[in-house]
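One letter stands for each residue in the lines below.
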Amino acid sequence: MPLGAFSFTTGFLIGFGACLALAGVGAIYAYRRVVLLERRTRHAERLAELGTLTGGLAHEIKNPLSTVQLNLQLLAEDLTPDNPAYTRVVNRINVVQRETSRLRDILDDFLRYAGKLELDRHPTDLNELLQDLYDFFTPQAQHQRVRLRLRSNPNGAIRAPVDPKLIKQAVLNLMLNALQAMPEGGELILGASHDEDRACIDVIDTGKGISPDAIDKIFQAYYSTKKGGTGLGLAMAQRIVQEHGGQITVKSEPGKGTNFTLRLPIR
Amino acid sequence: MAENEFPKSNLLIVDDEQDHAQVMCEALQRLGHRCDVTYSLNEARARMERKNYDVIVTDLRMDHPTDGLEVLDLSKHAQEPPPPVILVTAFADIPTCKEALNKGAYDYITKPLDLEYFRAQVNRAAEKAALQKQNQVLREQVDLSAGFEGIV
Numbered sequence: 004m005p006l007g008a009f010s011f012t013t014g015f016l017i018g019f020g021a022c023l024a025l026a027g028v029g030a031i032y033a034y035r036r037v038v039l040l041e042r043r044t045r046h047a048e049r050l051a052e053l054g055t056l057t058g059g060l061a062h063e064i065k066n067p068l069s070t071v072q073l074n075l076q077l078l079a080e081d082l083t084p085d086n087p088a089y090t091r092v093v094n095r096i097n098v099v100q101r102e103t104s105r106l107r108d109i110l111d112d113f114l115r116y117a118g119k120l121e122l123d124r125h126p127t128d129l130n131e132l133l134q135d136l137y138d139f140f141t142p143q144a145q146h147q148r149v150r151l152r153l154r155s156n157p158n159g160a161i162r163a164p165v166d167p168k169l170i171k172q173a174v175l176n177l178m179l180n181a182l183q184a185m186p187e188g189g190e191l192i193l194g195a196s197h198d199e200d201r202a203c204i205d206v207i208d209t210g211k212g213i214s215p216d217a218i219d220k221i222f223q224a225y226y227s228t229k230k231g232g233t234g235l236g237l238a239m240a241q242r243i244v245q246e247h248g249g250q251i252t253v254k255s256e257p258g259k260g261t262n263f264t265l266r267l268p269i270r
Numbered sequence: 004m005a006e007n008e009f010p011k012s013n014l015l016i017v018d019d020e021q022d023h024a025q026v027m028c029e030a031l032q033r034l035g036h037r038c039d040v041t042y043s044l045n046e047a048r049a050r051m052e053r054k055n056y057d058v059i060v061t062d063l064r065m066d067h068p069t070d071g072l073e074v075l076d077l078s079k080h081a082q083e084p085p086p087p088v089i090l091v092t093a094f095a096d097i098p099t100c101k102e103a104l105n106k107g108a109y110d111y112i113t114k115p116l117d118l119e120y121f122r123a124q125v126n127r128a129a130e131k132a133a134l135q136k137q138n139q140v141l142r143e144q145v146d147l148s149a150g151f152e153g154i155v
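Chains as they are written, first to last, in the working numbering: chain F, 4 to 270; chain U, 4 to 155.
In isolation and in its complexed conformation, chain U is listed as follows:
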C-alpha cells in the first residue's frame, strides 16, 4: 500500500475536552475516515457495545486519571480482533504510558498534537486494523476449506 493510501475506517474518538475531540474528529474526517465522538468513558462503553470500530483514539485522563486505560480494556472485550487504541495525553506520564503499551495500546501521543503526526499515526493504525481483519478472513477461509476436505 502506498504511503498516502490508507483504508478509510470507522473511528471512535473519546475525549472529555469537547473542542479537542471535535477538532480531532474533523482532522480525520477530512482524510475520509468516519468518526464517532464521545466525551466520557461511559459514553465510549455504550458506543462500543453497539458498534465495532477499526481504530479508537482516546484521551488518557478524563473524569479519572486512567480512564483511557479503561477504554483500552473495554476495547479488548468489545470485538474480535480488538481495534488498535491510540492514547492522547497532556500528561507525559511515562509509567502510565508504558503500562498502556504493555497492555496492548497501539501508541500514545502527547498534547499539544501535531496534525501531521497525529494523522500519520491514525492512518498506520487503520492499516494495521485492515491487515488484522484480512488475516482473520483468510484464516476463516482456510479453516472452512480444511473442514470441507475432511468431509470429501
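Pulled out of the complex, with its shape left as it was, chain F reads as follows:
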C-alpha cells in the first residue's frame, strides 16, 4: 500500500473519529444540559405550586380566624365587672385574643415571605437610608441599653438602584436580630461602603454570636423562632437582597459578635 494512501486513509479515519467523538461529547453535554434545565423547570414549577398552595392555605385560615376574633371581642363586651368570674374570664379571653393576633401576624409574615416581591427600584443613597433607620431605631435600642452607631462614610454618597422600603425592611430585620442577640446591652453599628462594583451595608453587633454549626442554617425559614418573632426575619432579609441581585453574608465569633453584610449591585 502506498504510504500516501495510508496516510490519507488514516488521517481521514482519525479526523472522522475525532469529529464523531466531538459530536458525541457535544451530544452528551447537550443532553445533560437539557436534563438539568428540565429538572430546574420541574423544581421551579413545584416551588411555584407549593407557593400557591401554602398561600391559599394561609388565606383560608384567615376566615375562621376572623370569626374567632370577632366572637371573642363580642364575648368580652358581654362581661360586666359584677360577674363573679369577671377577672378570670377576662384574663382567659385576653390570652386567646393575644394568640389569635399572633396567628394573624404569623400568617401575614408568611404571606409576605411566600408572596411575590415587586421591586420599586430607584437610585438611593444608602447613607441616607441608614440615617433614617438610625433615627427610627435609636429609642428602641436605648430602651434595651444598646448603643447604636452610624459609621460615617468619608467618600460621600453610596448610590444603588434599590427599593428603599424593602432594603430598609431587610436591614431592620437584621437590626432586630442583633438586638435579640444582646439582651444585656452592647453596641450595634451600621455602615455603608463600596466594594468593587457592589454597594455594601454592614450590620455589626457585639452580641453573643452564632455557633459555627448554626451559621449555615440561620437564613432558613422557621429555623429559629425566638419569643415574639415569627422565624422569618433573616429569611425575608435574604430574600429581599437576592431579589435585588445581591448577596447577604455573615461572619460571627461566638461570645464576640456578628457582622452581616449586604452586597447590592450598583447598576
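Calculated from the structure, these hints are not laboratory results. No residue lacks a Cβ here, since even glycine has one placed at the ideal position from N, Cα and C. There may be inaccurate statements among the hints.
Unchecked claim - The following label-pair restraints were derived from C-beta to C-beta distances: (1) U:D110 with F:D219: 41 to 49 Å; (2) U:D110 with F:G54: 27 to 35 Å; (3) U:Q32 with F:Q145: 44 to 52 Å; (4) F:E52 with U:L141: 52 to 60 Å; (5) U:L141 with F:Q134: 47 to 55 Å.
For chain F, the structure is supplied; the task is to place chain U on it using the hints.
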C-alpha cells in the same frame, strides 16, 4: 355629628361563611343598626330587589373569586343614590381591591377583622349614606321650589 353619634342604618351583610356573617351582624346590631344577612350573591340580589339599604358589607370571594364585585355592581343599579359598599376579604388581593375602589367601593377591610375598626368603618359609611340622602332631599326641594317660581 359627634364621633360616637352615627345614624342607625339598614345594613345588608353578604358572606358565604355563615358564622362570620352572623357575628358581623351581631357586632353591628349591638350599635343599633338593623341588619339583614345573606350567604350568597343570588340571595343578595333578591334582597336588593326588594329593599333599599344604607350600607352593604360583602365578602369579596364567595362561590366565585369576585362575587363581592358583583354585589358592588348590583348596588349601583338597585337604588339611587347607591349605598356605600364595604368589601371584606381574607385575600389581601391588592389588584382586585384597587379595582373595587376604582369601581366605587367605599373601602375594603382584610380578615381577620378587628371589631373596633370594622365598626368605625361601617359607621362612617352610614354617615356618608345619610349625608347623601340629605343632599338628595335638599336638591329635590330646591328643584321643586324653582319649579313653583316659574309657575308664579
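Results for each hint:
| no. | hint | in the structure |
| --- | --- | --- |
| 1 | U:D110 with F:D219: 41 to 49 Å | 46 Å, holds |
| 2 | U:D110 with F:G54: 27 to 35 Å | 29 Å, holds |
| 3 | U:Q32 with F:Q145: 44 to 52 Å | 47 Å, holds |
| 4 | F:E52 with U:L141: 52 to 60 Å | 58 Å, holds |
| 5 | U:L141 with F:Q134: 47 to 55 Å | 53 Å, holds |
Comparing the model with each numbered hint stated earlier shows that all of them hold.
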